[in-house]
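Colleague: Please build the complex by placing chain B on the supplied structure of chain A, with the hints as guidance.
Residue numbers (the UniProt record's numbering), protein chains in the order written: chain A, 1 to 527; chain B, 1 to 527.
These aren't lab readings, by the way, just hints derived from the structure by calculation. Computed from a prediction, not measured in an experiment: that's the story for all the values here. Incorrect hints may appear among the rest.
[Said to hold, decoys possible] Calculated lysine-lysine pairs in the BS3-like style (CA-CA distance at most 27 Å, straight line):
#1 Lys51/B / Lys469/A
#2 Lys79/B / Lys51/B
#3 Lys370/A / Lys469/B
#4 Lys370/B / Lys79/A
#5 Lys349/A / Lys469/A
#6 Lys57/A / Lys370/B
#7 Lys370/A / Lys469/A
#8 Lys469/B / Lys469/A
[Said to hold, decoys possible] Some chain B residues flagged as far from chain A (calculated, every beta-carbon gap over 10 Å):
#9 Glu4
#10 Asp25
#11 Arg31
#12 Arg58
#13 Pro99
#14 Arg135
#15 Gln190
#16 Asp194
#17 Ala272
#18 Arg275
#19 Asp352
#20 Ala360
#21 Leu403
#22 Val457
[Claimed, not checked] Now the stretches of chain A that chain B is said to cover, found in silico as 3 or more residues with beta-carbon under 8 Å:
#23 224-233
#24 278-285
#25 295-302
#26 401-415
#27 426-438
#28 501-510
Just so you know, even glycine gets a beta-carbon here, dropped at the ideal spot from N, CA and C.
Number of protein chains: 2
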Amino acid sequence: MTVELYDTTLRDGTQQEGISLSVEDKLRVARTIDALGVPYIEGGWPGANPKDTEFFKRAAAGELELANATLVAFGMTRKPNRDAAGDENLAALLAAATPIVTLVGKSDIRHVTHAINTTGEENLAMLQSSFELIRGEGRRAFYDAEHFFDGYRRDRAYALDALRAAIAGGAECVVLCDTNGGMLPREVEQVVADVVAEVGGDGPGGVQVGIHVHNDTDCAVANSLIAMDAGVTHVQGTLNGIGERTGNANLSSIIPNLTLKMGMTDVVGDGAVGRITHIAHQVAEIMNLSVRPSAPYVGNAAFAHKAGLHVSALAKDTDLYQHVDPGSVGNRIRLLVSELAGRATVVMKGADMGLDLDSADAMAILERVKELEHLGYSFEAADASFELLVRRHTGQDVERFVLESFRTIVERREDGSMVAEATVKVWVGDTRLIGVGEGNGPVSALDHAFRAAIGGVLPLDELHLADYKVRILDAKAGTNATTRVLITSSDADREYTTVGVDANVIEASWQAMSDAYTASLLAREGA
Amino acid sequence: MTVELYDTTLRDGTQQEGISLSVEDKLRVARTIDALGVPYIEGGWPGANPKDTEFFKRAAAGELELANATLVAFGMTRKPNRDAAGDENLAALLAAATPIVTLVGKSDIRHVTHAINTTGEENLAMLQSSFELIRGEGRRAFYDAEHFFDGYRRDRAYALDALRAAIAGGAECVVLCDTNGGMLPREVEQVVADVVAEVGGDGPGGVQVGIHVHNDTDCAVANSLIAMDAGVTHVQGTLNGIGERTGNANLSSIIPNLTLKMGMTDVVGDGAVGRITHIAHQVAEIMNLSVRPSAPYVGNAAFAHKAGLHVSALAKDTDLYQHVDPGSVGNRIRLLVSELAGRATVVMKGADMGLDLDSADAMAILERVKELEHLGYSFEAADASFELLVRRHTGQDVERFVLESFRTIVERREDGSMVAEATVKVWVGDTRLIGVGEGNGPVSALDHAFRAAIGGVLPLDELHLADYKVRILDAKAGTNATTRVLITSSDADREYTTVGVDANVIEASWQAMSDAYTASLLAREGA
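Bound conformation, chain A alone (with noise of 0.2 Å):
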């Protein structure tokens, strides 16, 4: 068996809602999946929004360089009556310029009646003449054969009929849309096979043939895996199954499955599956999601047990309780009552920073990283403000400030500016330094103000502030929530993660920004 997965993140994953990316996350997003290996990466529809357009520019321009995918334009077939040659909707994906176009096309003959009013016939010819429009550009083209399942149980022929335009035109894989996704199993094998004796790449004339499903009735990833044992080499997914309603098929699921469990070992790159927890976070991050806990395979407690029996038999065979190893997808067995394993990670983490914990530090450390988990903090992400937590709690001398205090003004005026404006006061050792800063926002200011003071005192020139993320802890307190900070930094030589919790927002953000400072100052020192 062997598939080609066909990664739609950027595209259908992005219409669940509440996602909206800017193109800056959207090449971040594809960059980050490339790593995974897979062969497709459809990034968006060029000439249905601007963010899409101005992806594919810059992506064309050359600030995506692809190690490993393909990028894909998606886009629909010509509108009726008219010349594919006019329609503005294809030149838009042309002027994508990528190597693969994906049309999509109606299959349900209802939806060719009602939805785009026009005749069957009329259908057919624009599959056709779309896809020669596309195919004598040069371009490769697969086609989405939009309700197709639905348009299957309501006319066969003319659904066969679909897929045969498209093929005549050019397409090279003709992909089954569960569009409205409420199929079963063994409907979808049925169909699927049926299909593939009819245009499949064995017969005379024949095709790839692939799949997209959604989840709508649980059954998305089984729904993929099941077409791929009734004969597609194509399947279409998203990470951490994002998508519209109830969202796309699973590829965080799909993937491990394939790997682990079906011994296909070249559907991602060498190595990628394990890395896959690690890739789906990242992309969740991005996407300012969180990747729910009961994720299979990459979910914080996919691997998570549960105290008594489990956890001992574990210790002695984990095999016994556990259907993959956790490491084999990059994520981790988590205890959720024993503080064996922690304590193990901190000896670690501390052997990293090259100190070396006895058992007693360890157990203390772990004790005031669940005080302060219990607080909102998290030192998953956070390194170096976990970095520093260890060097202060083994004695190391590693403030280069203390701060005095702080003040921020934030107003909007009777004209409607804004003005933001801070004042620091801080000492070095025996110096005392006060800055005055501005800012588009409270945040910036006081980082201005900082700098300001310490200028010329403390070496923190080259740090710069790359990444601001702000989480509302507890958001049904409303206001008066408990606000959680992380911080990315780097300098010339590091980056550095560190977070801030609080109450009020700015001594959560002041918490990462000290930490930060700090970090890049015991760095340029060469602790």
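Modeller: Relative to chain A, chain B alone:
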């Protein structure tokens, strides 16, 4: 085809990280689930913890009158090398006084020898004698064959012997458990078919065969359905798919699949499928969980439509774009407004507000939405801000106050204490009002200052902020990045979600709060 559903929300479901129910909670959940009309509800493990013991005691004392389901108590087979009659776990189970008992016992030879350190023969004796004891007390008995699929792979003959020992002891149903959740549909089908042929109801001395799966391969629902195809007639699962790690098979998906797609109208009570959205949310509410928006059938986004293409067709013919009628599961359609939406969405939304928008209006509003989304606004969730935008566009007078200016001050003092303070100057008609407020942070101070200013003049006492979200757009710009704030507020009548965007988080928060004030004031006027 026929099947009996077995709900284990209260036993296996509560193994999920973070779930801890009081006895009162458990009684409420049981009553809520009973409304579905499933034949079996597993209430817990009497003897394993004081809460479950008390639950059964109170149930037996008449506090839990189930109209439809039979209550089941769960426990383990006797310990090795002792009498079933002297086993305190079995005694606790019998004391629970339920008509049915489910016993879990080993069926994987490696678990027998490595986890409970006994012999294969002794485990078979444990199974048979435990069931004999339960049956001797006049109870019906089911066998949960733990790790059955792993055991079958390792030693098929032993796994079948375990089933036969339970049957010999009097088990009337043997439930094949994929305890580690690692199975894919094809293998489930093969194993189940073999087991049904060996011990299933049609053979000599055959019994009912059941299935209990977890979602570790993202196939739990499909595995349950496939097992039915292969002959099981008893399916275990949980509401909302809660459970350890990745969760159990999701009854909230299985019930509509069986009822609406497979025509099995008698698996739940008359009309119960039409209440499943309500029941799923109610159970989640009691457990202090949220139903995830993307949950099939019952999630808030299960029938949400975003793409413009879809929505215009949806208006014509809802069947074309929905796999089932949302009302058939007690859910509803939601149309999301975004740059991906089309004119039809805007017209339909306008109609919801009682506004008759023409096509030119809709187009102009959509253009404005696109411009604002390009700046970072997002109206998909922010219904109340969208409604204000439409009302303003159509020339309605919606402003109930006009901001003159505000100032917020956040200070961190020498002693480390934080102070947040704000002043607001605002006009209501010809009256200029001034207010000052303090808060945990600058935004709550601003909220308090505004309310102090307009107190007694505008009726906002009932409005409170229920949810506050901050999203940093273009986070690479560090502390200079654009900030989007989404606020959900509620008053006695309604919920309002509003949005604000600015480089300054305070201004962005003001915009969202200010829309919330306005929306609530308009609602009170009956606008």
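Colleague: Each of the hints needs a verdict: does it hold here or not?
Modeller: Against the structure, the hints:
no.	hint	result
1	Lys51/B / Lys469/A	violated, 41 Å
2	Lys79/B / Lys51/B	holds, 23 Å
3	Lys370/A / Lys469/B	holds, 25 Å
4	Lys370/B / Lys79/A	holds, 23 Å
5	Lys349/A / Lys469/A	holds, 24 Å
6	Lys57/A / Lys370/B	holds, 19 Å
7	Lys370/A / Lys469/A	holds, 22 Å
8	Lys469/B / Lys469/A	holds, 11 Å
9	Glu4	holds, 20 Å
10	Asp25	holds, 18 Å
11	Arg31	holds, 26 Å
12	Arg58	holds, 25 Å
13	Pro99	holds, 27 Å
14	Arg135	holds, 26 Å
15	Gln190	holds, 12 Å
16	Asp194	holds, 19 Å
17	Ala272	holds, 18 Å
18	Arg275	holds, 19 Å
19	Asp352	holds, 17 Å
20	Ala360	holds, 21 Å
21	Leu403	violated, 7 Å
22	Val457	holds, 20 Å
23	224-233	holds (count 3)
24	278-285	violated (count 0)
25	295-302	holds (count 6)
26	401-415	holds (count 12)
27	426-438	violated (count 0)
28	501-510	holds (count 8)
Violated hints for the displayed structure, listed by number in ascending order: 1, 21, 24 and 27.
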